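> Here is what each chain is made of, one letter per residue.
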Amino acid sequence: MSDNAKKFTMIVTKGTLDWAYPPFILATTAAAMGVNVSMFFTFYGLGLLKKNLDLQISTLGNPAMKMPMAGMHMVMPNLMSALPGVDAMASKMMKNLIKRKGVASIEELRDLAVEADVELIGCQMTMDLFEFDEKEMLDGLEYAGAAAYMERALASDLNLFI
Amino acid sequence: MAHTLDAKGLNCPLPILRAKKAIKDVPAGEILTVLATDPGSVKDFQAFCRSTGHELVEWHESDGVYTYQIRSAS
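First to last, the sequence lines map onto chains R and Z.
Under this note's numbering, the first residue of the first sequence carries the number 397, and numbering increases by one thereafter.
Under this note's numbering, the first residue of the second sequence carries the number 13, and numbering increases by one thereafter.
Extracted from the complex, chain R is given alone in its bound form (with noise of 0.2 Å):
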């Protein structure tokens, strides 16, 4: 990559299966178009490092999420979510929809974000404060601290918090 190619940092803050779209859409997108691309993930966007990635989605208070079933859009009662299992099938389901639209998986975005170099940096106070093992978590990872972060951010043309 040039050194005159755009920077992009961003740090990612969630964790949820919707939530983990968009770093991961920006950052494979903008690395396909030539930008240097850092991401740093702290609290529950650390989660996105692990190798096994089982990425949950729940239907307690989210209002704006309506999903086509039986040729209409639904949205669950926040009650429903409480009965065991309910976040679970959402979860499944949301997977199986993303799959059928022809939308990549995470894990999929993923990979191609690590093959187009695109910088993945854990928080280390989240690793610590929420017992992460390193052996969890994708090879070759950074792990740095907000300054780090920081950094790259002032440092970068655009700059996102998700």
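Hints listed in this document are in silico derivations from the structure and should not be mistaken for laboratory results.
There's no promise every hint is true.
Straight-line Cα separation of at most 30 Å, DSS-like style, residue types lysine-lysine; simulated pairs [what the hints assert, rightly or not]:
1) Z:Lys20 to Z:Lys33
2) R:Lys531 to R:Lys410
3) Z:Lys20 to R:Lys495
4) Z:Lys33 to R:Lys410
5) R:Lys410 to Z:Lys36
6) R:Lys495 to Z:Lys36
7) R:Lys403 to R:Lys447
8) R:Lys462 to Z:Lys20
9) R:Lys403 to R:Lys462
10) Z:Lys20 to Z:Lys55
11) R:Lys403 to Z:Lys33
12) R:Lys446 to R:Lys491
13) R:Lys497 to R:Lys531
14) R:Lys446 to R:Lys462
15) Z:Lys55 to R:Lys447
16) R:Lys495 to Z:Lys55
17) R:Lys497 to Z:Lys33
18) R:Lys447 to Z:Lys36
19) Z:Lys55 to R:Lys497
20) R:Lys446 to Z:Lys55
21) R:Lys402 to Z:Lys55
22) R:Lys410 to R:Lys495
23) R:Lys447 to Z:Lys33
24) R:Lys403 to R:Lys446
25) Z:Lys36 to R:Lys488
26) R:Lys488 to R:Lys403
27) R:Lys462 to R:Lys402
28) R:Lys446 to R:Lys531
29) R:Lys462 to R:Lys531
30) R:Lys446 to R:Lys410
31) Z:Lys20 to R:Lys491
Label pairs and their in silico Cβ distance ranges [claimed, not checked]:
32) Z:Thr79 to R:Met476: 40 to 48 Å
33) R:Gly467 to Z:Ala85: 43 to 51 Å
34) R:Ala466 to Z:Arg62: 21 to 29 Å
35) R:Glu532 to Z:Val69: 41 to 49 Å
36) Z:Leu47 to R:Gly430: 19 to 27 Å
37) Z:Gly52 to R:Asn474: 26 to 34 Å
38) R:Ile558 to Z:Leu68: 27 to 35 Å
39) R:Gly430 to Z:Gln81: 18 to 26 Å
40) R:Leu456 to Z:Leu68: 41 to 49 Å
Quick caveat: nothing in here was measured; it's all calculated off a predicted structure.
All C-beta atoms, glycine included, are put in the ideal place defined by N, C-alpha and C.
Since the structure of chain R is already known, use the hints to place chain Z on it.
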């Protein structure tokens, strides 16, 4: 030699990502033909070519299939 990428049935950002990979193998000056069904791909390929310097020679749509002719920059 024809370089063709079939990205039919794939949704954003896969057509672009696959094209990026495919165009690496296309010698400068030659054309990569991309087939896609994603309507969003029209603006995406225009933007992709503007930022990467590959030339979008022409594109057309027929029966829901979009065909892009992209000339590889280098």
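> List in ascending order the numbers of the hints, as given earlier, that are violated by the structure.
Hints 5, 9, 13, 15, 20, 25, 26, 27, 29, 34 contradicted; others consistent.
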